[in-house]
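We have chain F already, so just place chain G on it with the hints.
Listed below are the residues making up each chain.
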Amino acid sequence: GQQVMQIPQYQHVQEGEDFTTYCNSSTTLSNIQWYKQRPGGHPVFLIQLVKSGEVKKQKRLTFQFGEAKKNSSLHITATQTTDVGTYFCAPRENNRLAFGKGNQVVVIP
Amino acid sequence: DTEVTQTPKHLVMGMTNKKSLKCEQHMGHRAMYWYKQKAKKPPELMFVYSYEKLSINESVPSRFSPECPNSSLLNLHLHALQPEDSALYLCASSQDSGRNTGELFFGEGSRLTVL
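Top line first, the protein sequences correspond to chains F and G. Under my numbering, the first residue of the first sequence carries the number 1, and numbering increases by one thereafter. Under my numbering, the first residue of the second sequence carries the number 110, and numbering increases by one thereafter.
A portion of the hints provided could be inaccurate.
Listed next, with one range per pair, are the computed distances between beta-carbon atoms [claimed, not checked]:
#, chain 1, residue 1, chain 2, residue 2, range
1, F, H75, G, Y160, 47 to 53 Å
2, G, S168, F, A68, 30 to 36 Å
3, F, V55, G, P170, 29 to 35 Å
4, F, K57, G, H188, 46 to 52 Å
5, F, A78, G, S129, 44 to 50 Å
6, F, N95, G, H188, 26 to 32 Å
Keep in mind that the hints were calculated from the coordinates and are not lab data. Every value quoted in this text rests on a predicted model; they were computed, and no experiment measured them. A virtual CB, placed ideally from N, CA and C, is assigned to each residue, including glycine.
Isolated chain F, as found in the complex (with noise of 0.2 Å):
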């Protein structure tokens, strides 16, 4: 299945800083989806890149699509005690959606 390596695994955020995952292949994505896991909870869907260079905005969450559609990014500002949990990119591959190794992040008030 895809291979995508999400960097980093674990981050400490000051409540009020900004952030950045990132989600890197060696291969060509088709298109890659994100989404976060609360401590608990389940995964829920973020977002969802389909063309080379894309970039979209949530509010605090801005995701990129690299030109080569290798790599894919999600940076969030001013981080919010409510933005902890996990964060997975997951590329679909052949009717597959396989989840990358997820980015734990830790808001720190």
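This is chain G only, laid out in the frame that chain F set:
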């Protein structure tokens, strides 16, 4: 709130028991999925049903048996499980399972403990 409903939320079973996990969605989605998630790990795909037919089985042991009675329901029958099968089992649905499928809607999961 999730529009995918899973029951039971918690299940404890012995290695000789037979039990079932159930999943229901009423969004008219034609693709349904079972994922397994261990603690601190990402969800791992087990099965995909598309238009009520099994389209993907990720080499899952036969002690896990999926069933899709109709387009709204998905079951996972469990028999002779091992303690290492203890995990959160997540059901999900999407409008379709093709290349341009949109988001997956996940249920809250069934947390299984095998003694």
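Each hint, compared with the structure:
Judged by the Cβ atoms, the range 47 to 53 Å given for F/H75 and G/Y160 is violated: they are separated by roughly 38 Å. G/S168 and F/A68 have their C-beta atoms about 31 Å apart, which keeps the hinted 30 to 36 Å range intact. Separation of F/V55 from G/P170 is about 43 Å and departs from the stated range, judged on CB atoms against 29 to 35 Å. In this structure the supplied range 46 to 52 Å holds for F/K57 paired with G/H188, their Cβ-Cβ distance being about 48 Å.
Checked against the hint of 44 to 50 Å, the pair F/A78 and G/S129 passes, with Cβ atoms roughly 45 Å apart. In this structure the hint that F/N95 and G/H188 lie 26 to 32 Å apart at CB holds, the actual value being about 27 Å.
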